[in-house]
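> In my numbering, the protein residues as written are 274 to 545.
No lab work stands behind these hints: they were computed from the structure. Using N, Cα and C, we set each Cβ at its ideal position, and we do this for glycine too. It cannot be assumed that every hint is accurate.
In silico DSSO-like cross-links for lysine-lysine, where the CA-CA straight-line distance does not exceed 27 Å [what the hints assert, rightly or not]:
(1) K394 - K447
(2) K461 - K391
(3) K447 - K461
(4) K461 - K490
(5) K394 - K382
Per label pair, the in silico range of CB-to-CB distance [unchecked claim]:
(6) E378 - S403: 16 to 22 Å
(7) P428 - K382: 20 to 26 Å
(8) V508 - V404: 24 to 30 Å
(9) E534 - K382: 27 to 33 Å
(10) D434 - E534: 36 to 42 Å
(11) D478 - K394: 20 to 26 Å
(12) T501 - R352: 39 to 45 Å
(13) D409 - A433: 43 to 49 Å
(14) P513 - P431: 28 to 34 Å
(15) D525 - V404: 36 to 42 Å
(16) Q437 - G541: 53 to 59 Å
(17) A516 - E377: 28 to 34 Å
(18) K490 - A433: 29 to 35 Å
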Amino acid sequence: MKNTPHPMVLCEQAVDRASVSPQPCLGLLARALVFVLLAIVATLPSGAKAGSFNGKGANYPRGHYWQRTPLTGAEVVVRPDALQLQVTLIRVDRDPEAALAAIEEVAIKVQQALADLKGQKTSMSWTGSSVSVWTDDKGRNPTPQVSLTAIVELPLPPEADLLQRARWQVAMFKARDALVETYPDARKGVQVICGVPQALVSAPDDHRPALVQRWAKQMQEFVAAAQTPGAPLAVVDCKPPGAIYQQHLSLDGVKLTMAVECRVDLVGAAHK
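Kindly produce the complete structure, drawing on both the sequences and the hints.
As structure tokens, this is what we get:
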């Protein structure tokens, strides 16, 4: 089998034959190095291994649902300021209006059961509704199914230590278990389905400036490490920062991730 010369050898041979400056070859090699480094960075794990969460049974309120962490962007770990629980009320009834009326009646009892947890007041807000068709295991007896979803939020004051936060979390667990046991069947009455209480950030966009600063610092450090004197690099083709996603780590930690799409290239190469 014929051996293929190293790219640098080919570059040097081309320069010798043409008797020209090696600068174009060095630029090509630098660009190739950038792509290799970006590929390596993309395969590295994002964030510290302080905690993990597989997303099973996760219920993230107000649109902040867990999604796969973007390969480009920034992360910060902040202290959560709310304990949140998703509650869904379901009723199967041939009369959808009667089903909705039954849900409204049970919703008042649910709100009362979760209104005060260990001396801390909660709030409840509706976030979604749906009307679908229920069938049995064999696809028979189609019946209208009405459901309403709400978020119960318990504020976590900054001065509350981990033990106090744990007390509120346990109280919310006990309250949700009692509701699920009391309202188990949507065909015989209203069924209550609850998610897992999660410590999250109620307003993740408040942390956008910190995420932007973190991303800018990371990119500056990467460019400084990857470029060479003969092949300076620049960050180009940046799109506006995307949505902020959050991942529950613990009662004292939430990881916020902001997606940013940019490209690193040789200075002046963007418009060539």
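> Now, for every hint given, state plainly whether the structure supports it.
Results of checking the hints against the structure:
Of the supplied pair hints, the one linking K394 and K447 holds, its CA atoms being roughly 16 Å apart against a limit of 27 Å. This hinted pair does not check out: K461 and K391 have alpha carbons roughly 32 Å apart, beyond 27 Å. Between K447 and K461, the direct Cα distance comes to roughly 24 Å. Compliance with the 27 Å bound is thereby established for this hinted pair. Restraint check: the Cα-Cα separation between K461 and K490 comes to about 58 Å, which exceeds 27 Å; the hinted pair is violated.
Proposed proximity of K394 and K382 is supported: the alpha carbons are some 15 Å apart, at most 27 Å. At about 19 Å, the beta-carbon gap between E378 and S403 stays in the expected band of 16 to 22 Å. In this structure, P428 and K382 meet the distance hint of 20 to 26 Å, their C-beta atoms being roughly 23 Å apart. The supplied range of 24 to 30 Å is broken by V508 and V404, whose beta-carbon atoms lie about 48 Å from each other.
Under the hint 27 to 33 Å, the C-beta atoms of E534 and K382, about 47 Å apart, miss the expected range. A beta carbon spacing of about 40 Å between D434 and E534 agrees with the range 36 to 42 Å that was offered as a hint. Range check, D478 to K394: about 25 Å between beta-carbon atoms, so the 20 to 26 Å window is met. T501 and R352 have their C-beta atoms about 41 Å apart, which keeps the hinted 39 to 45 Å range intact.
Remark: the range hint 43 to 49 Å for D409 to A433 is upheld by a beta-carbon distance near 47 Å. Separation of P513 from P431 is about 31 Å and conforms to the stated range, judged on CB atoms against 28 to 34 Å. Separated by about 40 Å at the C-beta atoms, D525 and V404 satisfy the suggested range of 36 to 42 Å. At roughly 57 Å, the beta carbons of Q437 and G541 sit within the given window of 53 to 59 Å.
Distance hint check for A516 and E377: the Cβ-Cβ separation is about 32 Å, which falls inside the suggested range of 28 to 34 Å. Range check, K490 to A433: Cβ separation about 31 Å, and the 29 to 35 Å hint holds.
Hints 2, 4, 8, 9 from the list above are not met by this structure, while the remaining hints are.
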